[in-house]
Every structure is written in structure tokens, then in C-alpha cells.
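**Q** Spelled out from the first residue to the last, the chains are:
2 protein chains.
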Amino acid sequence: MKTTLTRRIIILAVFLLTGCLGRVSDLCADEGMWLFNNLPKDALKKKYGFVPTEKWSEHVMKSCVRFNVGGSASFVSSNGLVMTNHHVASDTLYKLSTKENNYAADGFLAKNLEAELKAPDLELNQLVNIEDVTKRVNDAVKAGMSSSDAAAARRAVIATIEKEAGEKSGLRSDVVTLYGGGKYHLYQYKVYTDVRLVWAPEAAAAFFGGDADNFEYPRFCLDVTMFRVYEDGQPAKTPHFFKWSKNGADEEELTFVAGNPGRTSRILTHAALRYQRDHRLPFVLDFIRRREVLLQQFGLESDEAKRRAQDNLFGIQNARKAYLGKIQGLQDPSNMWAKLKSEKEMIAKVKADPDLANLADAWETISSVQKKRIQSMKRGISLRTKLFTIAQQIVQLAAENEKPNAERLPAYRDSARASLEQQLFSPAPIYPDLEQAILGDLIGRMCEMRGAGDPLCRKILKRLSPNDRAAAMVSGTKLMDVDFRKELVKQGKSGISMTNDPMIHLAVLVDEEVRKEMAAADELSEMEQQAYAKIAKAIFATQGTSTYPDATFTLRLAFGPVKGYMENGKNIPAMTDLAGAFEHEKSHGAKGDYKLPATYHAAKEALDLKTPANFVNTTDIIGGNSGSPVINKELEVVGLIFDGNIQSLTGDYFYSEKQARSVSVHSNFIRDAMKYIYGAERIVNELGR
Amino acid sequence: MKTTLTRRIIILAVFLLTGCLGRVSDLCADEGMWLFNNLPKDALKKKYGFVPTEKWSEHVMKSCVRFNVGGSASFVSSNGLVMTNHHVASDTLYKLSTKENNYAADGFLAKNLEAELKAPDLELNQLVNIEDVTKRVNDAVKAGMSSSDAAAARRAVIATIEKEAGEKSGLRSDVVTLYGGGKYHLYQYKVYTDVRLVWAPEAAAAFFGGDADNFEYPRFCLDVTMFRVYEDGQPAKTPHFFKWSKNGADEEELTFVAGNPGRTSRILTHAALRYQRDHRLPFVLDFIRRREVLLQQFGLESDEAKRRAQDNLFGIQNARKAYLGKIQGLQDPSNMWAKLKSEKEMIAKVKADPDLANLADAWETISSVQKKRIQSMKRGISLRTKLFTIAQQIVQLAAENEKPNAERLPAYRDSARASLEQQLFSPAPIYPDLEQAILGDLIGRMCEMRGAGDPLCRKILKRLSPNDRAAAMVSGTKLMDVDFRKELVKQGKSGISMTNDPMIHLAVLVDEEVRKEMAAADELSEMEQQAYAKIAKAIFATQGTSTYPDATFTLRLAFGPVKGYMENGKNIPAMTDLAGAFEHEKSHGAKGDYKLPATYHAAKEALDLKTPANFVNTTDIIGGNSGSPVINKELEVVGLIFDGNIQSLTGDYFYSEKQARSVSVHSNFIRDAMKYIYGAERIVNELGR
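Going down the list, the protein sequences come from chains A and B.
Position one of the first sequence corresponds to residue 508 (this note's numbering), numbered consecutively onward.
Position one of the second sequence corresponds to residue 508 (this note's numbering), numbered consecutively onward.
Isolated chain A, as found in the complex (with noise of 0.2 angstroms):
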């Protein structure tokens, strides 16, 4: 954060000097992921001439919906339809897929309402209110604790509040950490457990040019699905969605960007940047190649084992390019120097005032909890298959359940059950031979991490191979069995005590020092969190509070223009068209992800091929904001966020507006898709366009 905020300190001090005039539009970054709580109201004002009222604001809050598994969304219509993307919506159609129905990859459309299918497993959120109890959550943490007392304190205090609101509302309660510790507020959603599928396009049409186009620009994709949220089996009523535009975005146009921004990491000191550059980044994107690499072998041995293994290699594809372009803007020189620039001048003014100079440490704690995470990097327990994850979490939930809710493991609190239920009893299908090979490689991996002859891998193995081993778990355990989950669940300890489930055994067998780790991990959490806090509390000081905390998946609003930018002396337009999409299909002689699906070309004559297809802005978003609604400043829906381009990838730590974009679907793209190709009228008539 503390290049960005310096960089907007070098902004502020050109306006004092030019009063904003003339140039304003090329010295404003239109940076940031702001708080709907504190929406960088004067800032609009200055350089766009908008203020944005109560009821504006009120109003695109609840007509976002988050998608818990990753993603955003919006409310289209009165009727509870949701917007979001097809590769957000991926995982609920793979789940909804079988061998003969692959909608995943050949779409779906509901012809009415009663055809609409019930997701297994999907829960949204809508945010209905945000409120800020930092002091009531430091209260709690005593001068003196130590980092695991504060850890504790700390999670106990957060749980009392979450619980309390929860108990009171009715409403989701999630106490969120703010500036890396500097703030805490309460967020409140309505929950919809009842989501039903109701337009898909082809994967084709959807991830038009495949994994070389990802993150890429021009695009030409049709990256959106439709859901419909229902309450006591009818559609829910939903007040407050936004309208869909006559005309769609416009060159120049000023937009905004709501949704769930993941994570940014731009208050990470030097020396927490260097632990991600040359040691955390690199771990992972090892991790992701080795996935990677298993499933596209595992999908060699025929298409329904390349279905099994799709949605699990499309994430991991997507997050390999999204952790590659992180990596290589932190070993950009350039980069670096200047977050190191900025923290020196920080630091020196720190020190300088006798008011913040207790804050000053702060780097330093920050840069010694770095080094302990690089000596336990390699001791993790990643064993995250889908049945161990079932696994783990019963075993978990029995042990938690004995526990005062204050003490538990935040996933096991009360406030979140009703979300761990729906994913733990969800039907969604499980594949043993994808769960098999999955299994095995992370046990292998695991073998590397510790060293074969480790105690805990010895007792994995029983003296089997690491693949043999996954094999025997696998077709020995009864997990595949909703039912039988069920029974364990109620059954508590005992039934873990009593059962000969190998995968509970595993689970059992690995939570002592799968805790152990999470303790550890906590320790070091809180002293970065305490050591952040005094960072942020620096920043205010020194800055004032109208900046915006790193993402944490939770409601922000982001704005900027619709607009083109320079590339190798090029210059990228803002828009592309239809035609451009059949020329891309021609110039990559219509091969493999460069196939347009069979109902464009049917639909060729019917389409306007000057519409719009795709269009990117300067707004700040990151990975979670995916399926985020573009809208203008009447709350009309103008886009569909679906992607960021390359250079938008170092976003993660730095803000830049030069070329970095955000890249959406055309509203008027997903009208007429909906209209002249898919026939999909009654969607089309109930966004009143």
C-alpha cells in the first residue's frame, strides 16, 4: 500500500500546484478498492464531477451478491436473477454435469422457470450492513499478552461478536480485518442457500481462445451465466438490482466496479514482498505446475477423464498465469526499488515524529516473522483432496463441537455452520480415480516437502508407495456416502473413535500436527497483524484516512473510465466487436480453443456484428471480482468483469494505470448473445431490454 499511497501523495501535491485544472484526467489515478463505508467521495467529486448519495451507494450494495466458493455478482432483475461469470459458475456446472449432460462445456438453457436446476452446493451472500468495531476487538488484546495469548484473545472477542450479531439479526456476521490489522468491521449478509442454474453459454463461447487468451487483450469472450436465487421454493424478491442498459458502456465513460476484490497484498513491507518473490510465489507456482501437469495426463486417458479433470486444470491454469505475472512484477528491479524508496521515506518519518516513533519496529517485526515463514514453508500438510477435506472436517468439527464457541476453530463456529454443512453434505459428484491420483501426488509431495523418512510420512505410507497408499484410502473409504457423513457427524467423537474409514484415519492421523502448524501460523498472523496495525496507524497519521485497505474478499467499489491504452508503440482500443470475434476465430484457423461454437455461426446473420463484444477501464479489481457488474452512474449494468489484463497482474502489489485494465463483457453483447443465439427471450424480456 505504501507505494501507492506515497504515489498519491506525489498526485496531491501536483493538484496543489495546478488547482486540478487541464491535466487533472492524466494525474488522478482512478486507484483503489474502497470500503462502502468510506467511498472516496471528494475524489469523485474532483476529478468527475460525481457525487455519490446515500441511497446511491445503499443501493449497489444490495444489489451485489458474493459467490462463496470466489466470485461476485449482481441482481439483474426484481425476480432474485443473479449475473455472474460462466467461469465463476464453473464449479456449480461441473457439479450439475454428468458424462451424457456436459453443460460445463455445451451450455444450458431453462425454458421456464420450473426447468431451472437447483445447485448442489452454492451459497451467496448479499452485504446488508457493514459496522466498525476496531475498538471492542483491541479492547480485548492486553498490553503484555503474549502473540499467542493476543492470537487467542483476539479470536475469542471476533467469535463473541460474530455470534451475538448473528444471534440478534438472523444475518451471516464475519468480522473482517481491515489494513492488515488496523481496523475491524462487522459485515452482515443475507444468505441464499437455494440457487438454481438458468443460461450458460458454451465453454467455448465463454473461454473463447482458452488459456493463450486468458489475461490477454482483445477478447472476445461471452463470460457470463445466469442464476436465479429462490426463497421457500419461489424465486426471492429482490428490491434492489440493477437495471440493464440501453446502450452499454461507452468510450470515456465513467464506470464503477462492485464486488469481492480476494486479496492484494500492497501494504506488504520490502521484506515481506522479498519472502513472496523468492520464496512464497515460487513454492506455489511449483505446487500449481505440478497440478497442472497431473491432470492434463490424467485427462489423456479419454474425454470423460479430461470432463473429470477440467474445472479443478481450468483454476489451476488461470491461477498459474495470475501467479506468474505476480512474481515477475516483483522481479521487475523497478518495482521494488521503489516500494523500497517509499518505506525508507516512511520510516525516516516515523522516526522523525516523536508522536509515531513507538510504531518503528514495526518493519523490522514484520521482516523477522518473514524468516520463520520461510523455515516452515515446506513443513505445511496439504493433503487437500475433496474426500480428505471431508475427512479433516468431520474429524475437526467433533473435536471443536466440545469446545466453547469463543474457542473454536473459526470454521467450526457457530456462526458459520449452516455454511460448512452445505458444503459438507453436499450430493455433488466425487470422481475416486481424479480423488486417487490427486491423493497419491500429495502424499508424494508431501514425502518431498519432509523428507520420506519422516515420522508422519512413515506413518502415512504403512510401507506402501505414496500411490498405492492413495488407492487404498480411496476405494476403502465410505465418504463418497452423503448419508454416511451424516451418521459420523452425529455420531461425534465416538463414531470417529469407532470407525474403520481409512480416510478418517488419515484425518485423524494427521490433525495433531495439522493444528500444531495452524498455532503456529496464528502466532506469526498476530504479530504481523499487531505489527500492520502500527502501519496503518502511520499511514493515517501521516496521510489521513481516505485510503483503502488491501482486498479481503468483501464488498468494494472501484471506478474509472472505459479507455484503450498504448502497447509496443500500439495503441489498444477500448472496445472490440463482434466481426472481431470471427476474425479471431479465422486467424487462429478455428482450432482447439479458437473454435467458436456451432450456434454463433448459425446466428451470424442475425447478429449485428458492430455490437460490442468486450471492453476494458482502469478500474482497480483483482482476482474475486470476477462476475462483477459494471455499472454507470444511473445503476444501470453496462459490463461484466471477467478478467484483468497481463499487465494488470502485478495489481496484487502495485496500482497502475498505464496500461493495466480490467476486461468485461459487453452488456449489450450478453443481451443480444441471449437474444439472437441462444433464444434465451425470457431472460431477455425479464431484464426489460
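A hint or two may mislead.
One copy or two, it doesn't matter: identical chains are merged, so the pair holds either way.
With a straight-line Cα cutoff of 30 angstroms, these simulated DSSO-like cross-link-like pairs (lysine-lysine) come out [unchecked claim]:
id, residue 1, residue 2
1, LYS828, LYS606
2, LYS649, LYS879
3, LYS1117, LYS1140
4, LYS828, LYS813
5, LYS848, LYS966
6, LYS606, LYS1102
7, LYS969, LYS1077
8, LYS606, LYS1098
9, LYS969, LYS878
10, LYS813, LYS1077
11, LYS828, LYS893
12, LYS1165, LYS969
13, LYS851, LYS966
14, LYS828, LYS885
15, LYS848, LYS969
16, LYS1077, LYS606
17, LYS1102, LYS813
18, LYS753, LYS1117
19, LYS966, LYS1165
20, LYS813, LYS1093
21, LYS813, LYS985
22, LYS993, LYS966
23, LYS969, LYS851
24, LYS813, LYS1098
25, LYS828, LYS969
Simulated from the structure, these hints should not be mistaken for lab results.
On the provided structure of chain A, position chain B as indicated by the hints.
**A** Positioned in the frame of chain A, the structure of chain B alone reads:
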């Protein structure tokens, strides 16, 4: 080696009991990659009643040729016709291919001698003489020398032996280290550098089933390519060659494989295997997967990009499967337990014998070397692209040329000069886009390994990101031009100090550290070599000298019958046939790598579908054996090695004939394919069949 030798002791013990009667074939392992000057005559006589004569073994030795790019081959006519695998030839096939004439994918047939295509930089070696020089090498190392002095003395005497022998005979003369340092033999080769492509089938025929089927069985691959060696512009006269068998390999028939297994590690101690299992192999696999993903991404851009990356990708995918097999073998606790047990027995035996007790510290020495290897593993400088390798060779050659021959790095000794120049001045195509992608990734990887703040990394980057720096160097270098390379080599050190070529600058920049790393590695190797020499002495003393050393990419003989195996309770027959190939295509939907070439379908009527396609035998082989002829007692070609099954992949460390099998193309398949599918009567006639 010790596990396997111990196994042999057990077997021999059983011999004594049973007198090797009746169930002999169940008891005697067909283990061993035997030296041509120490063939297992007793074992062959006992088990198969066959004693190879001197003449027999000389004929085999001189009928074989080695591909220096990493493969085996044999003469199959008196006119220099050479048979190897398509995948051994592929390096050359890609170098001869262009966007327009893709011989690597589409195959090639020279209608007549004139049409045979000269390979740009192939070197083939025919072994003609072996001499034991152990005493002379060991005498050069004096008692009390430090490891680095000993390494230097050993290098110097080896260089002198090679130079003297080369000058005296005009033959390529290499001193080979055997038994990890227990023996040194001088190998002398006749060298062929005018090698021409005669015939290659389509990649779809050679690699039918692709990466999915690689290392699997049953198989149906026509993994063969024919070359011809020339001397003075005429087909070379090759009086030693293998005749073509009329009927080819038969079930249960005793067969021999003569070829150049690249590297095995059977002598490794338990500590050395733990280093491989927990450190080295995971490190290499991470690199392999990284390159695999990079090349796949590169190939997504276009068909031509895919073609450019294909050769490298094939090799990488092959290596990934092979290394996975290795690590999985080591992660199987039963294998490591057996190794540990036999090692403990050996150490006890050595300690109990006063004549051997001075050898007992060898295992501890090796263990201590492994710890140092772990520390230095990530410090190595690996920037190996084609252009960087050329730059590095030019820079190092200039420096080494100024030293006496015996003190030079091995690659720059007089005895290796011809081979070096063959590579260095090769006109084979270099693709700047691919070079740039790989170099950028390698620089990025180096920054990860050392930390991007490492002084050498910073010097390399020159304030640019890894990819930008790679782009600047690849676009700025003139090393694509062979004449420029020749000129730089001619000018030597002064030319290098004058040039502003960025790739040469890079090679100069890293040279000091590269040499430091090499020296450190040499010192560790010397410590290991002395220790393994002790272990070899212990083996000779306790088990006799009728053993084979680990593979060293020199000519070895393996033996064993054509024989199927049991897998998951199912009998896998030794042979497949052509009908099976068509069925295999059909059962996989005739898609992707499971699509047979159109030429097969066109010739289907003419073919006898009962013709054997591939077969397995129990011969002990490993990577490097690819392209080895399978011959019978009568010195006829009955097949062509091209793979091992998945169970054979642990053969690097442990031989087993339970399921591990070598996989060959049947000689009848090769002959009939040339005749009926490819219209290569000219070649079939030359084979005399």
C-alpha cells in the same frame, strides 16, 4: 548396486542348493549391463547354455554405433545403413524440418542415395577398442592429496591418456570412470560425422499413443528411423553389421541388447538415495514441469510455434515420466528398506575383515557429501538455451585454449575439439522467439533460486525484468550467424573483450561463478569417487569381479528372453500385433495421439494384421539404450529397443524382472512397414529381406 548384488548372492546361494536344476529360469535374474571386456559368460552358459566367443562379442561391439545426442544404434547393412529410434533421430529430424517441410511430423523417404539428407551436426561413434587404464589413473593420485588436488591430478592424467591415445590412433579416445571410481577404462571410437537421413515414418506412427502411452505396455509403435554414414562423400563400408532376421523375435527366445545405457545409480548408498529421493529428484521434477508448462504455453500461439517447441517438449515429457518413475521407486519404503538392510550387512562384513576395515568410512564420507550437495543445489547457474550455450562455449574455449591440454576443462581438451566444433558451428536452426521464452524463464528461475537480490542476479538483470532482459539479449545477439561464431573463436580472448554482443557479455559475466561452482562440484565428486572406489573394492573382495558397473553411456550388453508378465492379476502377453494397433486406435476414438497415420489405413489391406508389432523382454536397460538393436544368438536383428515399461523405471536404482520389461519394435513390423506402408523397397532390399 548393493541391493542388486545382494540379491545375486541370495540367488547364488540357492544355486548351491538346487544345483541350478529345473527351476533355474525362475531363479536367475537377467540383471546386468555388462562390459564388453567382462561379459557374464558363466551366467549365460549356466542359464542359457550359450557362450559368446571373442569373435561373437567383437562383431556385436563393432556393429553398434552411439548417437552422441544421447541414443544407441546399429549398422544393418555393409553400406553404412544405421537403424535407430525415431525419438533418437528426432533432434535431427527437427533440425532438418522447416515450416514447409515438417519431416519430424510427416516422415521422410529418400528415393535414392542422392536424396539422402545430410544431418547438420550429428556425430556417431563406433567403439573399436577397450583398454584398462585404472593403474595409471590411480597412480597419478598421491596419498595425502587434498580432494581438489586429487581431482586436478586425476583430470590431468586422464587428459594425457586421451590425448596420447587419440594422437597415436586417430580415434576418439575417452577414459571412462566405472564402478563410481573403482576402475578406469580407455574407450576408443571411430567417428562418423557425415550422417544422412534415409527414412523416417510419421511421428504419429513412431509415437502412437503419445505421452499417455509412453512407458506403458501393450504398445504398437513404429519408433524407428534409418540413417546412413558416409565417408569421403560415399556410403561408408561397414563390414560389421547385423543381418536382418527372417522371422524376428519369438516368445521365450533368448535375446541380447547392445547399446549405451546412459546412467544408473545402483551403487548409490542409502544416504545418496535419500538425497536423490528428498532433494535432487524433486528439484529436477520441478524444473521439468516448469519447462513442460512453458513449452505448452509457447505452442498455443500457433501451429508453427508448436512445431518449434515440439522436440524439446517431447524430451521433457519423456523425462518427466522417467523421473516420476524414479522418485516413486524411491518413495516405496520396501525398496529403501531392502537397500538399507543390504548396506548394513555389507558394512558389518567390511568392519569384521581386517583387510577391508579401512574401507568402512566410505559410507560416512558419501553421507557427508550429500549434505553439501543439498546446500549447493540451488546455487547452480543454469541458463542453458541454445544461444547462451554457444556464447558460453566460445567464452570458455578462449580461456581454456590458453592452458596446457591436461589442465583444461574436459569439454575443451584436444580430444574433444572435433565434437565441440561440430556443435558450435552447426547451421541447425535456432528460433529467437523460443530462445527468448526459455531464457527469460531461466533468468527468472535463477532469481527465485538465489533470491532476486543476489548480486549476480542483479548484474544480469541490469534493472530490467527477467523477460525484458532476455528479449534484449536475444534480439541483440549476432550468434545466430555461424560465421560470427567462427570469427569470435578465431579471435579468442581479444575478440571476446572487444565485442558488444549481449549474449557473450552474459557468458563472461557468469563465467567466474560458473567455474567456482564447477570446482566445488568436482571436489564433491572426487570425494565421492574415492569413497565409491572403496565400496567397489569391498564388493570385489566379497562378491568377486564378475559384476557390472553402473551405466556410463558406453556400450554394454544385456540379455534375457522375450517374456510377458502379470499385472493386477492379469497376464500381459509379450507380443502385440498390427490388428491390435488398429483396435487401440478405435478404442481411443482415433483422436489426438491415438490417430494412426493415413498411410496405415491406406495399406491396411496389404498388411498381414497378425504381424507382431511390439514385444517385451527382460533385458536390463535404461535411458540411452533407445535405438539399441535386439539381436539373437545368430547375430541377427530381431527387434529394436524403444522404451521400458512403467515398472522398469525404478531400474535406475533397482533391477527387477518380476514386471520390469524392455519394450521393442518387432523386426517384422519394421520390414513390413517399410515395404507395404512406406514403399521403401530400396531399403528392405538392402536389409536382404
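**Q** Each hint: holds or not?
**A** Hints, verified against the model:
1. For a Cα distance limit of 30 angstroms, the shortest separation of LYS828 from LYS606 qualifies both inside one copy, at 29 angstroms, and across copies, at 29 angstroms.
2. With identical chains, the CA atoms of LYS649 and LYS879 are at most 30 angstroms apart within one copy only, with a shortest distance of 25 angstroms there and 47 angstroms across copies.
3. When the C-alpha separation of LYS1117 and LYS1140 is checked against a cutoff of 30 angstroms, the pair qualifies only within one copy, where the shortest distance is 25 angstroms, while the shortest distance between copies is 75 angstroms.
4. In this assembly of identical chains, the alpha carbons of LYS828 and LYS813 lie at most 30 angstroms apart whether taken from the same copy (21 angstroms) or from different copies (19 angstroms).
5. In this assembly of identical chains, LYS848 and LYS966 lie within 30 angstroms of each other by CA distance solely across copies; the values are 20 angstroms between and 50 angstroms within a copy.
6. Taking identical chains as interchangeable, the C-alpha atoms of LYS606 and LYS1102 lie at most 30 angstroms apart whether they share a chain (22 angstroms) or sit on different chains (23 angstroms).
7. For the homomeric pair LYS969 and LYS1077, the shortest alpha-carbon distance between copies (26 angstroms) is at most 30 angstroms, but the shortest distance inside one copy (61 angstroms) is not.
8. Taking the shortest alpha-carbon separations for LYS606 and LYS1098, both the intra-copy value of 23 angstroms and the inter-copy value of 18 angstroms come in at or below 30 angstroms.
9. Proximity of LYS969 and LYS878 under a CA criterion of 30 angstroms is satisfied inter-copy only: 27 angstroms between copies versus 34 angstroms inside one chain copy.
10. In this assembly of identical chains, the alpha carbons of LYS813 and LYS1077 lie at most 30 angstroms apart only when taken from different copies (26 angstroms versus 39 angstroms within one copy).
11. Taking the closest pair of Cα atoms, LYS828 and LYS893 come within 30 angstroms of each other both inside a single copy (24 angstroms) and across two copies (26 angstroms).
12. In this homomeric assembly, LYS1165 and LYS969 come within 30 angstroms of each other (Cα to Cα) only across copies, at 23 angstroms, whereas the closest approach inside a single copy is 56 angstroms.
13. Taking the shortest Cα distances, LYS851 and LYS966 sit within 30 angstroms of each other only across copies (23 angstroms), while inside one copy they are farther apart (49 angstroms).
14. Both within a single protomer and between protomers do LYS828 and LYS885 lie at most 30 angstroms apart by alpha-carbon distance, with minima of 23 angstroms and 24 angstroms respectively.
15. In this assembly of identical chains, the alpha carbons of LYS848 and LYS969 lie at most 30 angstroms apart only when taken from different copies (18 angstroms versus 53 angstroms within one copy).
16. Proximity of LYS1077 to LYS606 under the C-alpha cut-off of 30 angstroms is restricted to the inter-copy arrangement: shortest distance 28 angstroms between copies versus 45 angstroms within a copy.
17. With identical chains, the CA atoms of LYS1102 and LYS813 are at most 30 angstroms apart both within one copy (18 angstroms) and between copies (17 angstroms).
18. For the identical chains of this complex, LYS753 and LYS1117 are intra-copy neighbours only, at 16 angstroms inside a copy versus 69 angstroms across copies, given an alpha-carbon limit of 30 angstroms.
19. Proximity of LYS966 and LYS1165 under a CA criterion of 30 angstroms is satisfied inter-copy only: 28 angstroms between copies versus 54 angstroms inside one chain copy.
20. Both within a single protomer and between protomers do LYS813 and LYS1093 lie at most 30 angstroms apart by alpha-carbon distance, with minima of 26 angstroms and 18 angstroms respectively.
21. In the homo-oligomer, the alpha carbons of LYS813 and LYS985 lie at most 30 angstroms apart inside one protomer (25 angstroms), although the nearest pairing across protomers, at 45 angstroms, exceeds that limit.
22. When the C-alpha separation of LYS993 and LYS966 is checked against a cutoff of 30 angstroms, the pair qualifies only within one copy, where the shortest distance is 28 angstroms, while the shortest distance between copies is 60 angstroms.
23. Within a single copy, LYS969 and LYS851 get their C-alpha atoms only as close as 53 angstroms, which misses the 30 angstroms cut-off; across copies the closest is 23 angstroms, which meets it.
24. For the homomeric pair LYS813 and LYS1098, the shortest alpha-carbon distances inside one copy (18 angstroms) and between copies (13 angstroms) are both at most 30 angstroms.
25. Taking the shortest alpha-carbon separations for LYS828 and LYS969, only the inter-copy value of 25 angstroms comes in at or below 30 angstroms, while the best intra-copy value is 37 angstroms.
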